[in-house]
Amino acid sequence: MLAIASALSVDPFVFRLAIFTLACFVGYFVVWSVTPALHTPLMAVTNAISSVIIVGALIAASAHAFIGSDESVKAAFGMTRLFGFIAIVLASVNIFGGFLVTQRMLAMYKKKG
Amino acid sequence: MSANLAAVLYLVSGVLFIMALRGLSSPASARQGNLYGMVGMAIAIITTLLSIRFDFGTMAMVLGGLALGGTAGAVIARRIAMTAMPQLVAAFHSLVGLAAVFVAAAALYAPEAFGINNADGSLHMQSLVELSLGVFIGAVTFSGSVIAFAKLNGNMSGAPILLPMRHIINLALVGGAVVLVFMLGGTHGVGANAQSIFWILTLVALVFGVLLIIPIGGADMPVVVSMLNSYSGWAAAALGFTLENTALLITGALVGSSGAILSYIMCKGMNRSFISVIMGGFGETAAAATDDGIERTVKRGAADDAAFIMKNAGKVIIVPGYGMAVAQAQHALKEMANLLKEEGVEVKYAIHPVAGRMPGHMNVLLAEADVPYDDVFELEDINTEFGTADVAFVIGANDVTNPAAEDDPTSPIYGMPVLNVWNAGTVMFIKRSLGAGYAGIENPLFFRDNTMMLLMDAKKMVEEINKAL
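Residue numbers (the numbering used here), protein chains in the order written: chain A, 6 to 118; chain B, 115 to 583.
Calculated from the structure, these hints are not laboratory results. Incorrect hints may have been included.
[Claimed, not checked] Simulated DEER-style distance windows between Cβ atoms:
(1) B:Gln240 - A:Ser74: 51 to 61 Å
(2) B:Asn426 - A:Trp37: 57 to 67 Å
(3) B:Ala142 - A:Glu76: 28 to 38 Å
(4) B:Asp169 - A:Asp75: 16 to 26 Å
(5) A:Val78 - B:Phe168: 43 to 53 Å
(6) B:Asn385 - A:Ser38: 58 to 68 Å
(7) A:Val78 - B:Asn118: 42 to 52 Å
[What the hints assert, rightly or not] With a Cα cut of at most 27 Å, we get these calculated DSSO-like pairs of lysine-lysine:
(8) B:Lys574 - B:Lys429
(9) B:Lys574 - B:Lys382
(10) B:Lys581 - B:Lys455
(11) A:Lys115 - B:Lys462
(12) B:Lys462 - A:Lys117
(13) B:Lys574 - B:Lys455
(14) B:Lys429 - B:Lys581
(15) B:Lys413 - A:Lys117
(16) B:Lys425 - A:Lys117
(17) B:Lys425 - B:Lys413
(18) A:Lys116 - B:Lys425
(19) A:Lys115 - B:Lys455
(20) B:Lys455 - A:Lys116
(21) B:Lys425 - B:Lys455
(22) A:Lys117 - B:Lys429
(23) B:Lys382 - B:Lys455
(24) B:Lys429 - B:Lys462
(25) A:Lys115 - B:Lys429
(26) B:Lys462 - B:Lys581
(27) B:Lys413 - A:Lys116
(28) A:Lys116 - B:Lys429
(29) B:Lys429 - B:Lys455
(30) B:Lys413 - B:Lys581
(31) B:Lys581 - B:Lys382
(32) B:Lys425 - A:Lys115
(33) B:Lys425 - B:Lys382
(34) B:Lys462 - B:Lys413
(35) B:Lys429 - B:Lys413
(36) B:Lys455 - A:Lys117
This structure is a prediction, so every number in the text was calculated from the model and none was measured. Built from N, CA and C at the ideal position, the CB exists for glycine as well.
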């Protein structure tokens, strides 16, 4: 059954790999075009956007065990929600801190005159 | 929300992140770019919130977490001094790394919540490998960034710490991690065993992260910060594979390549290979070879002399370095430039790629002091101009002006691109002492006839020059 499925369709992993590979190339070209004067804001903003990992944290924080699951499963879900909460706090420090500090820096760059 | 719509919205947020980075190609479009980034993040968060099951307890937890972290982040962003930006970025990297560890742990503890489990609750080997990569890179990013933060913030000496057999220890740790990943695969991600293995793997990665950064000296910090930036991206990308999330995949790839490119630029700026930086120990061996017994004299100057020479100059090129950041001299420097411009002197700034402790560090400080960015030039754009300048005003920089990099093959920095300040009519060095630079190398420029040493705290000296002007 599994063998038939894999013979007829491409594993979704391959599509994700394709997105990832293409995004690496996009990143390569986009980052080379960043002016060196803005390399510090670049680091601050990449910091902020890499905190999009918060989507995983949100899912974890909202994890619910099925009703009637045994105790060990419930305990695991309890831990998951805790992990999710911690990760939400960490990531949101970065999101708010990263974007705002970038904004603060960028506001300082002025032209002559 | 349907899974398809959510996937499309994650893609939109990924594209907005690309546009956020694209905006940074010029200061004029950068603010707009930052806005795209914020919108992209908002879309990603709202999409997730609309896709999950929401009861009151969950809502309170999620909003509480966002408010708590968000407030902390906003306060930090508002208060942080621009000179402390390298520490801040290192601290932020550590948070991304730690968040990645916890998200990976959540995926292992409750794969059902992420919809990545098999029918019997187990995990695919593939998911486990992705997850292990995420937690390993995340933990390395975390502990490495903590060390980088401590070094940049002065909680720890910037000197390299070289453990005996450190390469062997590191290899053993990586080997151990690979074995642990296989063991984790053997458990199919189920049960207490899988969880113990996961945390042991995390611990191994944390130790590896510390050992990776402690041998790297302070002069190589720009590379370290860029490298950790890159790692935080790869950790996010690995979890993007696990969680099957496009926004994470795209962002991880962007951040990963961004950090990698910055590391490359920094390495090139020092003429070092990435491997040699990682191996560490730079700045330790060089310090010994300075005293060759030749008596050399230094011409010291006072603020009045410096002011007089610059007032009568046609063109002054200012070369700022880390010392300017330490002394917080950028505002006084800008005032000096203004006074000189009033006298009809042409003033420009020359920035070496590795000046300061992180990429673009000097540019931000000058921008903070209201220096217009079209007065600020990169090394390759201004290096030929020193010949036409009457004064090169070096403030808090040293190694990046060392002519030994061009004419002394025995120098540890030989081959490094340097600012050719010696071609200027007079070279003024503001330094606190005659000591060697961060790389521990003596600068022969100090002893030349057309060099004037202004030995004092950078800020005080510039203020005195301003008075004399």
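Hints, one by one, checked against the model:
The hint said 51 to 61 Å for the Cβ distance between Gln240 (chain B) and Ser74 (chain A), and at roughly 25 Å that hint is violated. For the hinted restraint 57 to 67 Å between Asn426 (chain B) and Trp37 (chain A), the CB-CB distance of approximately 42 Å leaves it violated. The supplied range of 28 to 38 Å is broken by Ala142 (chain B) and Glu76 (chain A), whose beta-carbon atoms lie about 60 Å from each other. Our hint of 16 to 26 Å for Asp169 (chain B) and Asp75 (chain A) holds, since their Cβ atoms are close to 21 Å apart.
Look at Val78 (chain A) against Phe168 (chain B): about 21 Å separates their beta carbons, and that is not inside 43 to 53 Å. Between Asn385 (chain B) and Ser38 (chain A) the Cβ separation comes to about 24 Å, which falls outside the hinted range of 58 to 68 Å. Under the hint 42 to 52 Å, the C-beta atoms of Val78 (chain A) and Asn118 (chain B), about 29 Å apart, miss the expected range. Simply put, Lys574 (chain B) and Lys429 (chain B) have alpha-carbon atoms about 23 Å apart, close enough for the 27 Å limit, and the pair holds.
With a CA separation close to 34 Å, the supplied pair Lys574 (chain B) and Lys382 (chain B) exceeds the 27 Å bound. Annotation: proposed proximity of Lys581 (chain B) to Lys455 (chain B) holds, straight-line Cα distance about 15 Å (limit 27 Å). For a cut-off of 27 Å, the pair hint linking Lys115 (chain A) to Lys462 (chain B) stands: about 15 Å separates their Cα positions. Distance check on the hinted pair: Lys462 (chain B) and Lys117 (chain A) sit about 12 Å apart at the alpha-carbon level, within 27 Å; holds.
Of the supplied pair hints, the one linking Lys574 (chain B) and Lys455 (chain B) holds, its CA atoms being roughly 21 Å apart against a limit of 27 Å. Between the alpha carbons of Lys429 (chain B) and Lys581 (chain B) the distance comes to roughly 20 Å, so the proposed pair stays at or under 27 Å and holds. In summary, the hint linking Lys413 (chain B) to Lys117 (chain A) is not supported, as the alpha carbons are separated by about 36 Å, beyond the 27 Å threshold. Under the criterion of a C-alpha separation no larger than 27 Å, the hint pairing Lys425 (chain B) with Lys117 (chain A) is consistent with the structure, at around 22 Å.
Between Lys425 (chain B) and Lys413 (chain B) the alpha-carbon distance is near 20 Å, which keeps this suggested pair within the 27 Å criterion. At roughly 25 Å between alpha-carbon atoms, Lys116 (chain A) and Lys425 (chain B) fall within 27 Å of each other, so this suggested pair holds. At roughly 18 Å between alpha-carbon atoms, Lys115 (chain A) and Lys455 (chain B) fall within 27 Å of each other, so this suggested pair holds. At most 27 Å may separate the alpha-carbon atoms for a hinted pair to count; Lys455 (chain B) and Lys116 (chain A) meet this at roughly 16 Å.
For the given pair, Lys425 (chain B) sits about 9 Å from Lys455 (chain B) by alpha-carbon distance, which is consistent with the 27 Å threshold. For the hint pairing Lys117 (chain A) with Lys429 (chain B), the CA-to-CA distance comes to about 18 Å; that is within 27 Å, so the pair holds. Restraint check for Lys382 (chain B) and Lys455 (chain B): the C-alpha separation of about 34 Å exceeds 27 Å, so the hint is violated. Our distance criterion of 27 Å between C-alpha atoms is met by Lys429 (chain B) and Lys462 (chain B), whose separation comes to about 8 Å.
The hinted pair formed by Lys115 (chain A) and Lys429 (chain B) meets the criterion: a straight-line CA distance of about 22 Å does not exceed 27 Å. Note on Lys462 (chain B) and Lys581 (chain B): the hinted pairing holds, with a Cα-Cα distance of about 21 Å set against a maximum of 27 Å. Pair hint Lys413 (chain B) plus Lys116 (chain A) does not hold up; C-alpha atoms about 38 Å apart against a cutoff of 27 Å. Distance restraint check for Lys116 (chain A) and Lys429 (chain B): the Cα-Cα separation of roughly 20 Å lies within the 27 Å cut-off, and the hinted pair is therefore satisfied.
Restraint check for Lys429 (chain B) and Lys455 (chain B): the C-alpha separation of about 10 Å stays at or below 27 Å, so the hint holds. Our distance criterion of 27 Å between C-alpha atoms is met by Lys413 (chain B) and Lys581 (chain B), whose separation comes to about 22 Å. A C-alpha spacing of about 40 Å is found between Lys581 (chain B) and Lys382 (chain B), which places the hinted pair above 27 Å, so the restraint is violated. As the CA atoms of Lys425 (chain B) and Lys115 (chain A) are separated by approximately 26 Å, the hinted pair is consistent with the 27 Å bound.
Between Lys425 (chain B) and Lys382 (chain B) the alpha-carbon distance is near 36 Å, which puts this suggested pair outside the 27 Å criterion. Note on Lys462 (chain B) and Lys413 (chain B): the hinted pairing holds, with a Cα-Cα distance of about 25 Å set against a maximum of 27 Å. As the CA atoms of Lys429 (chain B) and Lys413 (chain B) are separated by approximately 22 Å, the hinted pair is consistent with the 27 Å bound. Using a Cα cut-off of 27 Å, the hinted pair Lys455 (chain B) and Lys117 (chain A) holds, with the two alpha carbons roughly 13 Å apart.
In this structure, the hints that do not hold are numbers 1, 2, 3, 5, 6, 7, 9, 15, 23, 27, 31 and 33, in rising order.
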